[in-house]
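Asker: Chain by chain, the residues:
Number of protein chains: 2
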Amino acid sequence: MAKKITPRNKDYSQWYNDIVQGADLAESSGVRGCMVIKPYGYAIWEKMQSELDKMFKQTGHVNAYFPLFIPKSYFSKEAAHVDGFAKECAVITHYRLKNSEKDNSIVVDENAKLEEELIVRPTSETIIWDTYRKWIQSYRDLPLLINQWANVVRWEMRTRLFLRTAEFLWQEGHTAHATKSEAIEETEKMIKVYSKFAQDFMAMPVVMGIKTASERFAGADQTYTIEALMQDGKSLQAGTSHFLAQNFAKAFDVKFTTKEGKQEYVWSTSWGVSTRLIGALIMTHSDDRGLVLPPNLAPFQVVIVPIYKTDKELNKINKVANDVKLRLEKIGISVKYDNRDTHKPGWKFAEYELKGVPIRLVLGSRDIENSTIELARRDNLEKITYNISNIDNKVNEILEDIQKNLFNKALSFREKNSFYVDTKEDFIDQIEKGGFVYAHWDGTSETENLIKQKTKATIRCIPLDSADEQGYCLFSGKKSERRVIFAKSY
Amino acid sequence: MAKKITPRNKDYSQWYNDIVQGADLAESSGVRGCMVIKPYGYAIWEKMQSELDKMFKQTGHVNAYFPLFIPKSYFSKEAAHVDGFAKECAVITHYRLKNSEKDNSIVVDENAKLEEELIVRPTSETIIWDTYRKWIQSYRDLPLLINQWANVVRWEMRTRLFLRTAEFLWQEGHTAHATKSEAIEETEKMIKVYSKFAQDFMAMPVVMGIKTASERFAGADQTYTIEALMQDGKSLQAGTSHFLAQNFAKAFDVKFTTKEGKQEYVWSTSWGVSTRLIGALIMTHSDDRGLVLPPNLAPFQVVIVPIYKTDKELNKINKVANDVKLRLEKIGISVKYDNRDTHKPGWKFAEYELKGVPIRLVLGSRDIENSTIELARRDNLEKITYNISNIDNKVNEILEDIQKNLFNKALSFREKNSFYVDTKEDFIDQIEKGGFVYAHWDGTSETENLIKQKTKATIRCIPLDSADEQGYCLFSGKKSERRVIFAKSY
Chain W
0 MAKKITPRNK DYSQWYNDIV QGADLAESSG VRGCMVIKPY GYAIWEKMQS
50 ELDKMFKQTG HVNAYFPLFI PKSYFSKEAA HVDGFAKECA VITHYRLKNS
100 EKDNSIVVDE NAKLEEELIV RPTSETIIWD TYRKWIQSYR DLPLLINQWA
150 NVVRWEMRTR LFLRTAEFLW QEGHTAHATK SEAIEETEKM IKVYSKFAQD
200 FMAMPVVMGI KTASERFAGA DQTYTIEALM QDGKSLQAGT SHFLAQNFAK
250 AFDVKFTTKE GKQEYVWSTS WGVSTRLIGA LIMTHSDDRG LVLPPNLAPF
300 QVVIVPIYKT DKELNKINKV ANDVKLRLEK IGISVKYDNR DTHKPGWKFA
350 EYELKGVPIR LVLGSRDIEN STIELARRDN LEKITYNISN IDNKVNEILE
400 DIQKNLFNKA LSFREKNSFY VDTKEDFIDQ IEKGGFVYAH WDGTSETENL
450 IKQKTKATIR CIPLDSADEQ GYCLFSGKKS ERRVIFAKSY
Chain G
0 MAKKITPRNK DYSQWYNDIV QGADLAESSG VRGCMVIKPY GYAIWEKMQS
50 ELDKMFKQTG HVNAYFPLFI PKSYFSKEAA HVDGFAKECA VITHYRLKNS
100 EKDNSIVVDE NAKLEEELIV RPTSETIIWD TYRKWIQSYR DLPLLINQWA
150 NVVRWEMRTR LFLRTAEFLW QEGHTAHATK SEAIEETEKM IKVYSKFAQD
200 FMAMPVVMGI KTASERFAGA DQTYTIEALM QDGKSLQAGT SHFLAQNFAK
250 AFDVKFTTKE GKQEYVWSTS WGVSTRLIGA LIMTHSDDRG LVLPPNLAPF
300 QVVIVPIYKT DKELNKINKV ANDVKLRLEK IGISVKYDNR DTHKPGWKFA
350 EYELKGVPIR LVLGSRDIEN STIELARRDN LEKITYNISN IDNKVNEILE
400 DIQKNLFNKA LSFREKNSFY VDTKEDFIDQ IEKGGFVYAH WDGTSETENL
450 IKQKTKATIR CIPLDSADEQ GYCLFSGKKS ERRVIFAKSY
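These protein sequence lines map, in sequence, to chains W and G. Here numbering that gives the first Met the number 0 is used: the first residue of the first sequence is 0, the next is one more, and so on. Here numbering that gives the first Met the number 0 is used: the first residue of the second sequence is 0, the next is one more, and so on.
Just so you know, these hints were derived from the structure itself, not from any lab. Computed from a predicted structure; not experimentally measured. Where is the CB? At the ideal position from N, CA and C, for every residue including glycine. Just to be clear, a hint being listed does not mean it is correct.
As the list claims (entries may be wrong) - In silico DSSO-like pairs for lysine-lysine, Cα to Cα no more than 27 Å straight-line:
id, chain 1, residue 1, chain 2, residue 2
1, G, Lys-249, G, Lys-318
2, G, Lys-86, W, Lys-335
3, W, Lys-56, G, Lys-308
4, G, Lys-258, W, Lys-343
5, W, Lys-97, G, Lys-86
6, W, Lys-315, W, Lys-343
7, G, Lys-249, G, Lys-179
8, W, Lys-112, G, Lys-101
9, W, Lys-101, G, Lys-423
10, W, Lys-112, G, Lys-318
11, W, Lys-308, G, Lys-258
Said to hold, decoys possible - Computed, partial: chain W to chain G, Cβ under 10 Å:
id, residue
12, Lys-37
13, Gly-40
14, Glu-50
15, Asp-52
16, Lys-53
17, Ala-63
18, Phe-74
19, Thr-92
20, Glu-100
21, Ser-104
22, Asn-150
23, Trp-169
24, Tyr-336
Input sequences plus hints: build the corresponding full structure.
Answerer: And the structure:
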């Protein structure tokens, strides 16, 4: 029984939900706003974690772990931060339950009220900087380059699997530096790491840029972002890196002795990506048949399906299939051989198409006789029969081609959906249609807010690589030095 | 400035704290009962995770992720479970803070009270079985072999770093099976996986056994445990695997259709180990000089320290040291070359001894001339000078020897501290002195409780491999079929 996927042009949002559910990636739980990440979805996250973790370590970072709970008062210490994060959050007020005196249920024990409420971390700057005060005394203790893999909670009212949930998984880097320029260098280095990861592993082209003041992280002096264009023409913020200046060092009184013996506040950064990336991955590549996975992040890159009538036929096929599997694994390709007799080949074809497995190999009795094997690509749905003797190299080649093809397809989609507009009417019209809209803006929050109210579009970023260009703000008519990207967003 | 370690025979508990702090493993945080796991301690946990995860996957398990929060009512569904876990826990009652009307602080918004309180998971059986109800319909959906890496919270009143903290990191396996015998087989398989991990990676001998009814997991019909003897003669429960029978399936109404078309409740298991293992690792091998790490779990297995006076000397040494490092890395050995000029060699020697790095290599100018290198073992403190040409193989050999030696030393310690006693007086005397005390027990909870009250000792386990032996309970005089292990414990 094939699961049905709503076509994108019929109902994009339903299409997304159908993919998440149909490909067994995640589901809603009995706890409002919290998701269950199912094994296949989690396997993608594990791949992402493993690659990112390598990149973090290659750039000199180490992992550590800080408490899940943050005392309420910590939030009040950084003025901008408390407004951004301490409001919608999970608040722990008690530490004990007891049997009800009235009935069979259990109730909160009012005698076990905390003196100070604890907040489930929405992000860890405060608890980490409270800790760094003890770790940093001298310039010798710097830089401190630490990352944490963790769960965080933000009490979102409208949730969508992977894209916006109350609890989600992420990593958060928190670094401490002796100088401003070193901290800025780190902020930029990490947004580049994210960009490289998005492009090389997710096959997802991104625009690197900086956020306007109103879109900045609460507590940052500068926020760098990578923005990706989804298939419905909306932008998705896929990762951010924040230059926090001395804001948290001042809030938590973290000073160090310089080489010259002076006392100075420490400079800092933080940066993160989350399970939201899985949502971005889905909306970048998938089609109306289901999920499409780039080989570099697929839980298994190849599935082999046998076609047989008798056990005798299956035995012969098993032998060849297991040999192919071994040969592929030997060159580092991950393979699943699905010879379960509980499901028909047609069911398996549909299942692995829905799950986005990059390559399907099919082996029948005729193939065994002819020493052939049929290869089907998930990205372009091509089917070709190859001689089996060289199939390992062929698969390797095609996996690389799929990875490139997915990136190029996404890039060409973005290029086709990037627009340079120069009048207010064109702007409003294009924002409604979707895409990245490059336009001049006068640099003020007032105009930014006005545009947001009028069109629901926000400035996604001021691209790092865009050229200087004299122009006039489409809304205020004031002078502008360069274009910024407007779009509706997730 | 060397950090001081209190000797074990002076104050064992202070010795433990000194090691945890001195070796930079963890520290208390500003949040009551929650620890910060520092980078060096976390690196040991990452090694443990990576090896365990491989073993779980080799035995057919996959990872997934379930919500951090559990609705209060879920706990009431399994009678034994609620008593064991829902009492001392972190309770979320509100989901918003607001600015105080009185002063500058932020306060709980009483308008944002949850209809039903949420509990921060102390263990995930309830939320997972609420989910499994949707995943399991037919025998085709079984077995379900899932593991989760997560943080959990138990509101402990007396906490010790790694050994007992309010929040800790762990993995919890939750499996579902069609038959009782399959579930029991899984329970036993996983306690064997833990035992193998403890012995092969932690170099820590363990006794496998089953818990008595009063020491069982709340909700289990049978709990298997691995118990390790610490240097102070106390036992540490290092991992448990629970046969949950149909208890959670009944509580959450999880039935499946058998091959024969009947509806039956699912059988289940759960099993877990936690960051507590780091505490066990410390107390198994470390000495009065600091941490001692088995090579198989050391964040880096070898440290190279240069001894030089001039920059010219250092340049020469750098060249040779980097070459040695490369050669070692080529055969899979992890190496740190510490040529920082901010610290003297003596400081470095003390630091890496304290941190338990298995092998230290020292290179001076004389060594360069003679093509030699000095090797110091952390386990037995031996120092030998070797010719540099074959040092990679030598190091490899010695690492294996250290791993074996640590295990044998711990095993011999346990053997010397395992006692067979046959009178009440000897029992009380030996329990006071410490060690594993093998004694006859009549099999009743009454006697077990009596002994606990009298001596503070509990039955650590009924060992799986102990022989049948007729005897009489030391306290009640009733008949007994085999000896059980008594000890004081962590």
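Asker: Confirm or reject each hint.
Answerer: Here's how the hints hold up against the structure:
Restraint check for Lys-249/G and Lys-318/G: the C-alpha separation of about 67 Å exceeds 27 Å, so the hint is violated. Proximity of Lys-86/G to Lys-335/W is assessed by CA-CA distance (about 45 Å); at most 27 Å being required, the pair is judged violated. Between Lys-56/W and Lys-308/G, the direct Cα distance comes to roughly 32 Å. Violation of the 27 Å bound is thereby established for this hinted pair. For the proposed pair Lys-258/G and Lys-343/W, the alpha carbon gap of about 18 Å is at most 27 Å, so the pair holds.
At most 27 Å may separate the alpha-carbon atoms for a hinted pair to count; Lys-97/W and Lys-86/G meet this at roughly 6 Å. Under the criterion of a C-alpha separation no larger than 27 Å, the hint pairing Lys-315/W with Lys-343/W is consistent with the structure, at around 18 Å. Proximity of Lys-249/G to Lys-179/G is assessed by CA-CA distance (about 14 Å); at most 27 Å being required, the pair is judged to hold. For a cut-off of 27 Å, the pair hint linking Lys-112/W to Lys-101/G stands: about 22 Å separates their Cα positions.
Under the criterion of a C-alpha separation no larger than 27 Å, the hint pairing Lys-101/W with Lys-423/G is inconsistent with the structure, at around 46 Å. Proximity of Lys-112/W to Lys-318/G is assessed by CA-CA distance (about 62 Å); at most 27 Å being required, the pair is judged violated. The hinted pair formed by Lys-308/W and Lys-258/G meets the criterion: a straight-line CA distance of about 22 Å does not exceed 27 Å. Residue-level restraint check for Lys-37/W holds (minimum Cβ-Cβ distance to chain G is 6 Å; threshold 10 Å).
The closest approach between the C-beta of Gly-40/W and any C-beta of chain G is roughly 8 Å, which is under the 10 Å cut-off, so the hint is satisfied. The restraint placing Glu-50/W at the interface with chain G is violated, with a minimum CB-CB distance near 15 Å, outside the 10 Å limit. Taking 10 Å as the C-beta cut-off, the interface hint given for Asp-52/W holds, the closest approach to chain G being about 9 Å. A distance limit of 10 Å between C-beta atoms decides the matter here; for Lys-53/W the minimum to chain G is near 12 Å, and the interface restraint is violated.
Taking 10 Å as the C-beta contact cut-off toward chain G, the hint placing Ala-63/W at the interface holds, the least distance being around 5 Å. With a least beta-carbon distance of about 7 Å to chain G, the hint placing Phe-74/W at the interface is held under the 10 Å criterion. Evaluation of the Thr-92/W hint against chain G yields a held restraint, the C-beta minimum of about 5 Å falling below 10 Å. For the restraint placing Glu-100/W at the interface with chain G, the shortest Cβ-Cβ distance is roughly 15 Å, beyond the 10 Å limit, so the hint is violated.
The beta carbon of Ser-104/W is positioned within 10 Å of a beta carbon in chain G (closest approach about 6 Å), and the interface hint is therefore held. A least Cβ separation of about 6 Å between Asn-150/W and chain G falls short of the 10 Å threshold, and the interface hint therefore holds. Look at Trp-169/W: its Cβ only gets to about 12 Å from chain G, farther than 10 Å, so that hint breaks. Below 10 Å, beta-carbon pairs count as interface contacts, and Tyr-336/W has none with chain G, the closest being about 15 Å; its hint is therefore violated.
Consistency with the previously given hints fails for numbers 1, 2, 3, 9, 10, 14, 16, 20, 23, 24, ordered from lowest to highest.
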